[in-house]
Each structure stands twice: as C-alpha cells, then as structure tokens.
Amino acid sequence: MDDSALISRMKEGDRKAFNILYARHVDACRGYAGLMVGNMFSTDIVQDVFLKVWDRRATISVSDSLRPYLLRAIYNRALNSIREASYRQQYRNEYAERIERLSAQTYDPDANEVIRKLYLKDDMAAIEDVVRLLPDRCCQIFRMSYINGLSHKEIALRLGISVSTVDNHIYKALKVLRENLSDPRIYMMILFSLFLR
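Going by full-length UniProt numbering, the residue at position 165 of the sequence shown is 165; the numbering climbs one at a time, nothing skipped.
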C-alpha cells in the first residue's frame, strides 16, 4: 500500500496505518537526523517528529508521500535543538557550526539547488572516481540506487538478494565515499538524494 492510502487511513485514526508509515520511513529519518546531530540524539528527534505526526494526523497537510514532510520536520527540529545552549555544549560547537554553514546548501529539503548540483559535471566526476574504488557488487548496487534511482527493495528483487544485503552494500559504498571524497559537500548531497527515495 502506498503512502497516500496509508496517510488517508492515518488521518482517520488508523494506528496500524501509522505504524506501517513509521516502519517504512524511520531508518531513513534517523540517518538524516544523524547527519546533523549525531546518532546519540537522532532517535529522540525522530521519535518526537513521529509523535507530532500522530498527534496532528487529522490536520496534517500531506497527501502523497510522507518522507518530504518528515525530512522538513526533522530538519527544523534538529536546527532548533542545535541552536539551544544545552545542545551546543553536548555537541561541542562543531555540530552547530556545521549545520549553520551547510544547512542551506545541503540539508534543507526544500533546497532544490542542491539537487541540481548533483548533476554538475565536476561533482559527478569526483563521485565516479571514488565509485571505481568499490568492489564490483557494491559498485553495481550503488549505481542502481544512486544513478538509476531504484529503491533497496527493487534492487533486491532484481538481483535476487535480501534487502538487508542491499543496505549493507549501500552502507559500505557510503563509507568509502565519505573517506575518499575531498569535498564533504558532495558526500552530503549524495546522502540527501538517497534519503529522499
């Protein structure tokens, strides 16, 4: 069942529909929040956002896909948290500085300019140089996800492997990219594009 049908049911108070939406999007949301606040606090932020989705289900202005709405809510919640003095101390100022420097160009889900930059020749060349370092299977799966836009489930079905195996290969690919891309902006844009799927 797609998001739109589940959202309609959730708006009517169907807890099961909400639970399905939660299971479908929670991992991507945690990863997205972790980019900004680190893994230690990402779970709290994501849980808070999902709780508010449920509390406001009757008036939520989403009808198609829930993920863009969730990413926007997580972005706002994380940004507010980082700006608080208590969070600044816990994260040491590096997270506060990082999000304030990169948020507009990288993290903001409404920054369409970021998506456009993914296709700039220099960025793609830099990505391609690192992708060549990946083992064959890992490279194939990353290309199917990042270049062809396939979901992890679609990749698993096409290759006859489990979704968790696809997840592991994507994780390994992202680790290699993070370690080898000289421009962190490009790595963040890759993550952003994958989380939107």
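Be aware that a few hints might be false.
[Claimed, not checked] The calculated DSS-like cross-link candidates involving lysine-lysine, where the alpha carbons are at most 27 angstroms apart (straight line), are:
1. LYS153 <-> LYS175
2. LYS16 <-> LYS52
3. LYS11 <-> LYS52
4. LYS153 <-> LYS16
5. LYS172 <-> LYS153
It should be emphasised that the hints constitute simulated quantities derived from the structure, not laboratory data.
Please read all numbers here as calculations on a predicted model, not as lab measurements.
Against the structure, the hints come out as follows:
Taking the CA atoms of LYS153 and LYS175, the gap is about 21 angstroms. The hint holds against a cut of 27 angstroms. The hinted pair formed by LYS16 and LYS52 meets the criterion: a straight-line CA distance of about 16 angstroms does not exceed 27 angstroms. At roughly 13 angstroms between alpha-carbon atoms, LYS11 and LYS52 fall within 27 angstroms of each other, so this suggested pair holds. About 22 angstroms separates the Cα atoms of LYS153 and LYS16, which keeps this hinted pair within 27 angstroms; it holds.
Distance restraint check for LYS172 and LYS153: the Cα-Cα separation of roughly 17 angstroms lies within the 27 angstroms cut-off, and the hinted pair is therefore satisfied.
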